[in-house]
Amino acid sequence: MEYWSLVENPTGEVYQQLINVLCSYSDKFYFITRKELSYDMKIIKNFEPYIVETYKTKKWANTVTDGPSATVYVIDVNPETCLLLQQLANSLYDWVSPKLPEDLTFIKNNHPWFTSTAHEEFAIFSIRSDYYRNIMKKIDGLTIQMEE
16 MEYWSLVENP TGEVYQQLIN VLCSYSDKFY FITRKELSYD MKIIKNFEPY
66 IVETYKTKKW ANTVTDGPSA TVYVIDVNPE TCLLLQQLAN SLYDWVSPKL
116 PEDLTFIKNN HPWFTSTAHE EFAIFSIRSD YYRNIMKKID GLTIQMEE
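With the numbering used here applied, the sequence shown covers 16 to 163.
Take these hints with a grain of salt, some might be off.
Quick list of in silico lysine to aspartate or glutamate cross-link-like pairs, EDC-like style, CA-CA up to 20 Å [as the list claims (entries may be wrong)]:
{"no.": "1", "residue 1": "Lys71", "residue 2": "Asp91"}
{"no.": "2", "residue 1": "Lys73", "residue 2": "Glu28"}
{"no.": "3", "residue 1": "Lys60", "residue 2": "Asp91"}
{"no.": "4", "residue 1": "Lys152", "residue 2": "Glu51"}
{"no.": "5", "residue 1": "Lys74", "residue 2": "Glu28"}
{"no.": "6", "residue 1": "Lys114", "residue 2": "Glu135"}
{"no.": "7", "residue 1": "Lys123", "residue 2": "Asp42"}
{"no.": "8", "residue 1": "Lys74", "residue 2": "Glu95"}
{"no.": "9", "residue 1": "Lys50", "residue 2": "Glu28"}
{"no.": "10", "residue 1": "Lys43", "residue 2": "Glu63"}
So the derived label-pair ranges between C-beta atoms look like this [said to hold, decoys possible]:
{"no.": "11", "residue 1": "Ser39", "residue 2": "Ser84", "range": "15 to 21 Å"}
{"no.": "12", "residue 1": "Asn105", "residue 2": "Val22", "range": "15 to 21 Å"}
{"no.": "13", "residue 1": "Met161", "residue 2": "Pro94", "range": "27 to 33 Å"}
{"no.": "14", "residue 1": "Leu98", "residue 2": "Thr158", "range": "33 to 39 Å"}
Everything labelled a hint here was simulated from the structure, so no lab data went into it. All residues carry an ideal CB built from backbone N, CA and C; glycine is no exception.
Model the full assembly from the supplied sequences, consistent with the hints where possible.
This is the structure:
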């Protein structure tokens, strides 16, 4: 497995392309909310028709918490949900409280191949094949580096 981290926050057109690629090559994605933070619940309501499941956990991609459990919203990838992701933010790291849910993670065949922790300005690709490495590298303007 190779890990490629984002060097800078994808914004504008780069963010739009990133979301297009992530949606095109994923089955589902999730974001989380935390009890101790506030969110615009109207935003989450937009995704309700596409929610596959919700559950509470203290562990999700890149995060383990000693505090209250987070709620994970697993969402079907489709043209509507991808459009929502593009319309609701102008950059990857916009996905933070109080406006938006957090920690966008994209999954293909039960493998979380892209994870983010926006409040820490951290995102990483987990690449298992040349196929996905080539897809990731085609995003114009995305600055990434391989992790050692």
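Problem - Hint numbers not upheld by this structure, sorted from lowest to highest - result: 2, 4, 5, 8, 9, 11 and 14
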